[in-house]
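Visitor: So you can see what is in the structure, the chains are spelled out below.
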Amino acid sequence: MAEKDHGALDRMLVRIAHLDRLLNLVGEVIITSNSIATTNRRIQEYYDRGAPLDKMSLDMVKVVEEASSRISGDLHSLVMDIRMVEIKGTFQRFRRPVRDMSKDAGKNVELITFGEETLVDKTISEKLYDPINHQVRNSIDHGIEDPLERQKIGKPAAAKLTLKAYQRENFIFLEINDDGRGMDSTVIRKTAVDRGLISKEDSQKLSEEEILMFIYHPGFSTKTIASEISGRGVGMDVVKSNIEELGGEVMISTIVGEGTTFTYKIPQVTAVNILDCLTVRAGKNLYAIPILNVVSTLLVDLSKANLAFDKAKTITYLGSIVTLFDLNELLGYTPLDDSAEITVVIVESKNGRIALSVSELLTPEKLVYTPLEKIFQVQGISGVTMMGGNKMGLIIDVTELVSRSRGVATGEAVDERDSLIRKVLKSTESAEPEAPIILPTRDITPEEAEQETGQVLSSDIGREIAHRDEFLMELEEMINNAGENVLSLERNPKDNELINKVFRDFHSIKGNLMMVGLTEMGTFIHDVESIMDRAREGALSLDSQIVDILLDATDSLKNARDSLVKNEAPVIPQELLQSVAKYKKPLEKKATEFVDVHQRTFRLGPLAQFNLLARRHSGQFVYQVYLSFRPQYQQPFLVALLILRRMTRLGHIFGSVPSIEEIENQNIGSQIKVMFSSNLDEDKARAWIEKNLVDSYDVTEYEILKTY
Amino acid sequence: MSIDLTGKTALVVDDYHSMRVTLKEHLQGFNIRVVEAENGLKGLEKIRAKKPDMVFTDIVMPVMDGLELCQEIKSDPELLNIPVVVLSTHADAAYILQAIHNGADDYLPKPIETGLLEKILSRITDG
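So the sequences go chain by chain: A and B.
So in this note's numbering, spot 472 of the first sequence is number 472, and the numbers just go up one at a time.
So in this note's numbering, spot 107 of the second sequence is number 107, and the numbers just go up one at a time.
It should be emphasised that the hints constitute simulated quantities derived from the structure, not laboratory data.
Mixed in with the good hints, there may be bad ones.
[As the list claims (entries may be wrong)] Which stretches of chain B does chain A cover? Using the computed rule of at least three CB atoms under 8 Å from a CB of chain A, they are:
| # | segment |
| --- | --- |
| 1 | 19-32 |
| 2 | 70-82 |
[Stated by the list, open to error] In silico DSS-like pairs for lysine-lysine, Cα to Cα no more than 30 Å straight-line:
| # | chain 1 | residue 1 | chain 2 | residue 2 |
| --- | --- | --- | --- | --- |
| 3 | A | Lys501 | B | Lys42 |
| 4 | A | Lys691 | B | Lys74 |
| 5 | A | Lys558 | A | Lys122 |
| 6 | A | Lys501 | B | Lys46 |
| 7 | A | Lys284 | A | Lys160 |
| 8 | B | Lys8 | B | Lys51 |
| 9 | A | Lys684 | B | Lys50 |
| 10 | A | Lys558 | A | Lys494 |
| 11 | B | Lys42 | A | Lys88 |
| 12 | A | Lys684 | A | Lys706 |
| 13 | A | Lys122 | A | Lys164 |
| 14 | A | Lys284 | A | Lys265 |
| 15 | A | Lys88 | A | Lys494 |
| 16 | A | Lys391 | A | Lys366 |
| 17 | A | Lys190 | A | Lys155 |
| 18 | B | Lys42 | A | Lys691 |
| 19 | A | Lys164 | A | Lys558 |
| 20 | B | Lys42 | B | Lys8 |
| 21 | A | Lys350 | A | Lys190 |
| 22 | B | Lys50 | B | Lys74 |
| 23 | B | Lys8 | A | Lys691 |
| 24 | A | Lys391 | A | Lys88 |
| 25 | B | Lys74 | B | Lys51 |
| 26 | A | Lys501 | B | Lys74 |
| 27 | A | Lys88 | A | Lys164 |
| 28 | A | Lys673 | B | Lys74 |
| 29 | A | Lys350 | A | Lys313 |
[Unchecked claim] So these bits of chain A aren't anywhere near chain B, every CB distance computed over 12 Å:
| # | residue |
| --- | --- |
| 30 | Tyr46 |
| 31 | Met56 |
| 32 | Thr123 |
| 33 | Val187 |
| 34 | Leu472 |
| 35 | Thr519 |
| 36 | Leu540 |
| 37 | Asp562 |
| 38 | Phe621 |
| 39 | Gly651 |
This structure is a prediction, so every number in the text was calculated from the model and none was measured.
Even for Gly, the Cβ is constructed at its ideal location relative to N, Cα and C.
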């Protein structure tokens, strides 16, 4: 569960407004495509006639070009918008684990979130779960001190764990902060040396921040060492590689005794293979460089370029020295001819800044790229693209290109320290994979794992459900809301508003489960709902035991939902079933005493008697009718009420056996007697009953008797 | 034989889209045109604007629930003749009863049985 989100659907909810925008754009695409056709015909005619193009044709071409460029831009940004979700959902998933983990660890940890409304790409939001999960666990297990220890050093017993998200320009920042004991770089330095990850001498050259990065080294963390260095590093290499997969980076800042902040910086644009690029020509080759990586472009008088070390040239840009490379040469192609003045693009990524010489700058473009198959991979090239004019271009991966340049540059002297770090942190693949560390999770305790006696429920989502995936997504949302509200309930157990909210949450979940035919699960949730109903009536106080049951119920719902996603049968643990049964609302005393219709006559009150007389005098007929009905899907007492209501169209009702009160108390079997008056004669009254009641209300038998 | 209600419009009120769609597809089986709303208040606006021939509503919803919606419809002389069917589960007899007190014309248990839906449609559409 910790590594993979089994419940993830590869679908998402889309706002109607976005679809409307999409529809509008499709409309514009159609219009534009029509005008291209018109323009094309016009140009063809001119060509056939051998006439020079007129201004009108040229204007038409221009209009079409502008329209299509605007539409493709709008489409791109719309697709990006559609993929955006609030990070709230990801944050919410930590409420329960944080509560349970801190309980288990005997610590008092409050989870605080900021920037829940920050929008991130759907894929990013999903991929952030595992890294955050690792760090949250580490913070609680090791970073945060015991309440006693905290008190001793004058900290509040309750620790704060903060998740914060925000956007700066094109990057999403995510901070995970704890106010625990922090990390001591001297201890980490020593451990790294002891583990043989770096020589003592080399380790002295690294800055404090660089030393901290060792916790992400796969060879760094073992359990024994972990405990010596306050456990940081458990599975941390996973964190780093996950974030790097997203094109992001991790930063650490820590103060011994005060706490640690981990910051992820992730580029917002990753999921969609559309890139804003600067296109350049170098000799015969076309390249596209992601705009995000372009620092500047300039013309350089080569006589001013400096020769440094052996072969490498450098140029000066804004006072700093940047190594210059021939782009073609760097990628293993024929270098450009020497010329006095060269065009230079300065690019930058997290691992450094270099200058590239090219022949010509082309226009910035939005490009759709195809990643290169693994076997064709060239370090420095991430994919291919079609550029304007149907020419094939190569997309530059600046990070790789900068790495590549390091090998080309004369020795490690260029940046000895940097390559030292790279050697240390090189990649997680080269190191021995670490044995997975089983962290205590609430989801799968050993008891629960071997829980075989749980109730296996039907997973048969009826043929009725039209939009299964959407149902499952909405169900997830409902379950999350319920979980969130239950957790708030634990802090405010007397908040009636909140109690009602939770009641409604479970009620709606039950309803939706029932609606799609998952009646067994629905029935179980009905019992959970009835616990809230009792709380609502004040018959039950929401102590932590009840809150635990509610949380377990939400968890089991989550698991059930995940099973449904995988088309497996959901299981509700036996233990939970028992706890719920213990607290659920006892069944209301069943109306076993049905009124025997044949044994009882009408009891008309004075008003009814007066009415009876009045209607007889006005010439209406008075009837008694006996009805026997067997509704297949509705409760008899409700059907009886509906029949009575329907019969008011036939005439005036004086009374019934059982009486309305008795019917509402469910003291009714499947028979009813009604006394009523009507303008219709007996045949017509019979025909009315035949037409309106027999089929529609499942009336199986009836007798009608004219009293007056 | 299935009844054909071509030309009739139903308003479906539920806060969950998947539920609305599920019911909608059932109703479309009878050639009913369906308008949707996500809570009672929006439902009421649509009823006033579109004058549907029938309303199907969930009970528990944010903003305005199905019980209040019944009351609003049945206390408005312009609307009270529009039949209202509440959706619920069997376990919610108390809610259904409340809805009927508030003027609901019928109730449709979840999950939806096509046969019953047809009966209810015949109850609320003739005369």
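Visitor: Now look at each hint and say whether the structure bears it out.
Guide: Status of each hint after checking the structure:
For the segment 19-32 of chain B, the stated coverage by chain A is satisfied: 6 residues place a CB nearer than 8 Å to a CB of that chain, which reaches the threshold of 3. Counting residues of the segment 70-82 of chain B whose CB lies closer than 8 Å to any CB of chain A gives 0, which falls below the minimum of 3, so the coverage claim is violated. Of the supplied pair hints, the one linking Lys501 (chain A) and Lys42 (chain B) holds, its CA atoms being roughly 21 Å apart against a limit of 30 Å. Distance check on the hinted pair: Lys691 (chain A) and Lys74 (chain B) sit about 26 Å apart at the alpha-carbon level, within 30 Å; holds.
Note on Lys558 (chain A) and Lys122 (chain A): the hinted pairing holds, with a Cα-Cα distance of about 20 Å set against a maximum of 30 Å. Note on Lys501 (chain A) and Lys46 (chain B): the hinted pairing holds, with a Cα-Cα distance of about 26 Å set against a maximum of 30 Å. As the CA atoms of Lys284 (chain A) and Lys160 (chain A) are separated by approximately 59 Å, the hinted pair breaks the 30 Å bound. Straight-line distance between C-alpha atoms of Lys8 (chain B) and Lys51 (chain B) comes to about 10 Å, which keeps the hinted pair within the 30 Å bound.
Distance restraint check for Lys684 (chain A) and Lys50 (chain B): the Cα-Cα separation of roughly 36 Å exceeds the 30 Å cut-off, and the hinted pair is therefore not satisfied. With a C-alpha separation of about 26 Å, the suggested pairing of Lys558 (chain A) with Lys494 (chain A) holds against the 30 Å cut-off. Distance hint between Lys42 (chain B) and Lys88 (chain A) is fulfilled; the C-alpha atoms sit about 27 Å from each other, no more than 30 Å. Taken as a hint, the Lys684 (chain A) and Lys706 (chain A) pair is honoured in the structure, with Cα atoms around 12 Å apart against an allowance of 30 Å.
With a CA separation close to 18 Å, the supplied pair Lys122 (chain A) and Lys164 (chain A) stays within the 30 Å bound. A hinted pair counts as satisfied when its Cα atoms are at most 30 Å apart, and Lys284 (chain A) with Lys265 (chain A) does not qualify at roughly 37 Å. For the given pair, Lys88 (chain A) sits about 26 Å from Lys494 (chain A) by alpha-carbon distance, which is consistent with the 30 Å threshold. Restraint check for Lys391 (chain A) and Lys366 (chain A): the C-alpha separation of about 14 Å stays at or below 30 Å, so the hint holds.
Taking the CA atoms of Lys190 (chain A) and Lys155 (chain A), the gap is about 28 Å. The hint holds against a cut of 30 Å. The hinted pair formed by Lys42 (chain B) and Lys691 (chain A) fails the criterion: a straight-line CA distance of about 36 Å is larger than 30 Å. For the hint pairing Lys164 (chain A) with Lys558 (chain A), the CA-to-CA distance comes to about 25 Å; that is within 30 Å, so the pair holds. The hinted pair formed by Lys42 (chain B) and Lys8 (chain B) meets the criterion: a straight-line CA distance of about 20 Å does not exceed 30 Å.
Taken as a hint, the Lys350 (chain A) and Lys190 (chain A) pair is honoured in the structure, with Cα atoms around 27 Å apart against an allowance of 30 Å. Restraint check: the Cα-Cα separation between Lys50 (chain B) and Lys74 (chain B) comes to about 17 Å, which is no more than 30 Å; the hinted pair holds. Distance hint between Lys8 (chain B) and Lys691 (chain A) is fulfilled; the C-alpha atoms sit about 21 Å from each other, no more than 30 Å. With a CA separation close to 43 Å, the supplied pair Lys391 (chain A) and Lys88 (chain A) exceeds the 30 Å bound.
For the given pair, Lys74 (chain B) sits about 14 Å from Lys51 (chain B) by alpha-carbon distance, which is consistent with the 30 Å threshold. Of the supplied pair hints, the one linking Lys501 (chain A) and Lys74 (chain B) holds, its CA atoms being roughly 27 Å apart against a limit of 30 Å. In summary, the hint linking Lys88 (chain A) to Lys164 (chain A) is supported, as the alpha carbons are separated by about 10 Å, within the 30 Å threshold. With a C-alpha separation of about 28 Å, the suggested pairing of Lys673 (chain A) with Lys74 (chain B) holds against the 30 Å cut-off.
A distance of roughly 22 Å separates the Cα atoms of Lys350 (chain A) and Lys313 (chain A); the hinted pair therefore holds under the 30 Å criterion. The claim that Tyr46 (chain A) is not at the interface with chain B holds, since no C-beta of that chain comes within 12 Å of its own (minimum 51 Å). Against chain B, the non-interface label of Met56 (chain A) holds: every CB pair exceeds 12 Å, the least being about 46 Å. Distance check for Thr123 (chain A) against chain B: the nearest CB is about 23 Å away, which clears 12 Å, and the non-interface claim stands.
Every CB of chain B is more than 12 Å from the CB of Val187 (chain A) (nearest about 53 Å), matching its label as outside the interface. Distance to chain B contradicts Leu472 (chain A) as a non-interface residue, since its nearest Cβ pair spans about 8 Å, not more than 12 Å. For Thr519 (chain A), the requirement that its beta carbon stay farther than 12 Å from each beta carbon of chain B is not met, with the minimum near 7 Å. Residue-level check passed: Leu540 (chain A) sits 18 Å from the nearest beta carbon of chain B, beyond 12 Å.
Once the 12 Å rule is applied to beta carbons, Asp562 (chain A) is consistent with being away from chain B; the minimum gap is 18 Å. The non-interface label for Phe621 (chain A) is consistent with chain B: the shortest C-beta to C-beta separation is roughly 20 Å, beyond 12 Å. Distance to chain B confirms Gly651 (chain A) as a non-interface residue, since its nearest Cβ pair spans about 14 Å, more than 12 Å.
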